[in-house]
Every structure is written in structure tokens, then in C-alpha cells.
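Visitor: Chain by chain, the residues:
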Amino acid sequence: MQKSTSNITSNDMAEIRSLGRWTQRYVHSRSVPVLISLAVFGVLMGVMLTLWSAAGEAYRSDNTPLLVVCGVGLAVAHGVLAWLSVPAWGGKRLQRWAWRYYDREGHAAPQDPMPRARMQRIGGIVASVFGACILAHVALGFAGVVSDAMMLPISALYVVPFLTFMFVVQRVYVMLLYPLLYAAHAAAAAVGLPDPFASFVPVEMRSIAAMVIYGAIAVSVSHVYNRIALSRMARYGRTESE
Amino acid sequence: MAGVDRVIHEPARLKVMSVLDGVKEADFTFLTTALGLTNGNLSSHIDRLEKAKYVDVKKSFQGKMPRTTLCITGEGRAALGAYWEELERIRQLKPEDKE
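Line by line, the protein sequences are chains A and B. Using this note's numbering, read the first sequence as starting at 1 and increasing by one per residue. Using this note's numbering, read the second sequence as starting at 243 and increasing by one per residue.
Please note that the accuracy of each hint is not assured.
To be verified - Only pairs whose alpha carbons sit at most 25 Å apart, straight line, appear in this in silico PhoX-like list of lysine-lysine:
1) A:K92 to B:K293
2) B:K266 to B:K295
3) B:K301 to A:K92
4) A:K92 to B:K295
5) B:K266 to A:K92
6) B:K293 to B:K266
7) B:K266 to B:K301
For the record, the hints were derived by calculation from the structure and aren't laboratory data.
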């Protein structure tokens with residue numbers, strides 16, 4: 001039966017009005033493509049670090065065949081990483097493939113938080129500063145100025161503001177769990193509390209492990225929230241007048 | 243009731259407008275997922291909204307598959323805002339004022 005204004009209740013009004021908000025929440029929390037990208041880059045980084053470590057071992061023990069295998073493996077892994085990182089090469093292909101998950105539900109683009117030109121300008125500046133921080137941090141690590149144990153706490157000084165800025169600007173508030181977990185881990189490491197990754201991640205890989213593990217946790221939570229938003233959207237969206 | 247926009251007043255169209263108000267653009271499949279309408283029913287509501295210039299409809303191809311993308315216009319957004327204000331005004335009227 002179709003409702004008219006005379007019998008529409010304030011509850012109905014509130015539900016229909018909330019439809020736009022739940023749609024926004026649904027669109028902002030679609031995170032499966034991020035999870036797939038994280039998994040792909042996480043595996044690649046893991047392979048590269050393992051190969052670097054094996055190459056170092058081979059060099060020290062004069063094992064030339066292993067060194068050559070590691071060198072070829074590293075070249076291939078770096079090539080794949082570069083191919084996936086550049087949108088025009090493989091980046092867009094990976095994204096397109098990852099977004100197929102949502103084909104059945106349809107596609108919607110979130111509202112731009114600010115004019116596109118301004119967003120690109122700010123995004124360029126932020127990405128440059130972030131990149132410079134990573135380079136400086138890695139250089140300080142190689143120079144021995146920052147110890148392995150302090151790499152993660154120091155990285156939090158730029159990773160946490162960067163992630164927070166990115167998710168606030170994009171209004172993906174559920175993903176703020178990511179910088180929150182990273183900051184908590186960094187703070188715990190800085191004050192010398194036992195590291196939760198100590199048993200399964202070598203100390204020099206903990207920053208990357210934190211990026212991947214906390215990213216995966218936040219993305220999974222975001223996916224659960226996305227399913228809730230989808231069910232709310234469908235519940236409030238079902239029309240009685242069909 | 244004279245001030246209520248009859249185009250938006252139909253519940254299915256009101257919901258189409260509400261969903262589109264929350265995004266920059268959405269495709270046809272997304273709207274069927276969100277609203278549970280059949281393709282034919284949704285098409286007829288979209289036609290009505292397009293004629294009123296409340297939504298923009300773009301038809302394109304993604305590979306070999308046709309794709310219909312919709313977005314709410316500035317006029318549509320203003321009409322939706324005015325509709326909610328009017329509905330709120332009517333809801334707050336005393337019974338004797340309604341008669």
C-alpha cells in the first residue's frame with residue numbers, strides 16, 4: 001500500500017531521510033579492493049625482504065648460485081611492484097579486477113570532499129611530504145642513526161598523521177582504526193613494552209608488518225560495517241508501493 | 243498539500259532521490275540493490291525524475307556492457323530539501339489547520 005503525507009509517520013520520515021546517510025556510509029566503507037591491494041603488496045614486500053635477507057646470507061657465505069637466484073628474483077619482484085604501482089601499467093588493472101567484487105551490488109561514487117583541482121593539489125603536496133619522510137627515515141635507518149627497534153615508533157610520526165588526514169578528508173571514519181592501532185603499537189614500542197609481533201616478525205620488518213596487519217584489520221572492520229550499511233540501506237530503501 | 247512536490251512525493255522516487263543525494267553518482271544496478279525495485283519500475287521512476295530535471299542520466303558502455311549512471315542535479319537537490327521542509331511543516335500543523 002502506498003503511503004501519503006497524511007499517514008507518513010515521523011519514523012518513516014526519519015528512515016527515508018537516513019537512506020542518504022546510510023548510502024554514504026556504504027559507499028565510503030567499500031574496502032575489499034583495499035584489502036586485495038594490501039594483500040598483494042604485503043606478499044610482494046614479504047618476498048622482497050626474504051630475498052634481500054637470503055641474498056645477504058649468500059654474499060656472506062660466498063654462495064654465488066644462490067646470490068644469482070636471489071638477484072633475479074629481486075629484479076622480477078621489483079618489476080612486478082613497479083608495474084602494479086603505476087596506474088597506467090598494472091595499477092588500474094589490479095583495481096578494476098578488485099572492484100569486480102561489487103559488480104553484483106552496483107557501483108556508486110562518493111561525493112568529492114572538495115573541488116577536484118584542489119584535492120589533486122593537496123594530495124600531491126601530502127604525498128610528496130609523505131614520500132620525503134619515508135626516504136629520510138630509511139636513510140637514517142641505513143646510516144644507523146635510528147635503531148631497528150625505534151624504526152616503527154619513528155615511522156608513526158609521519159604514518160599516523162598521513163593516514164588520519166587521508167581518512168578524515170575522504171570521510172572514511174571507520175578506517176581511523178588503522179592509524180589508531182599503528183599509534184598504539186608505536187607508543188607501546190617507544191616505552192619498551194613487549195612487541196606483539198616479536199614472535200613471528202623480525203625487528204627490521206615490523207614497520208611493514210604493522211602497515212599490512214593493522215591495515216588488514218581496519219579494512220576487515222570496514223567491510224563488516226559496509227555489510228551493515230548495505231542491509232540498513234536495503235531495509236530503508238524497500239518500497240511498499242511497487 | 244498544495245506545496246508538496248508531486249514528483250518527489252511518490253515513495254519510490256523519494257527514495258531514489260535520497261540515495262542519489264548521498265553520492266556523487268550511482269549506476270542503475272546500485273539503485274536496484276538499494277531500493278529493491280524491478281528494472282522496469284525503476285526505469286519509469288527515473289524517466290519521471292529526468293523529465294523534471296531532478297536527475298541527470300548518462301548512458302555509456304563498459305566494454306560491451308551498457309551502463310546507466312545517474313546523479314542528482316542542483317535543481318533536484320534543492321527540490322528534495324524543499325520537499326522535506328514542506329513535509330516537516332505539514333507534520334507540525336495542528337489537526338484543525340490541516341482541515
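Visitor: Flag every earlier hint the structure violates by its number, smallest first.
Guide: Those not satisfied are hints 1 and 4.
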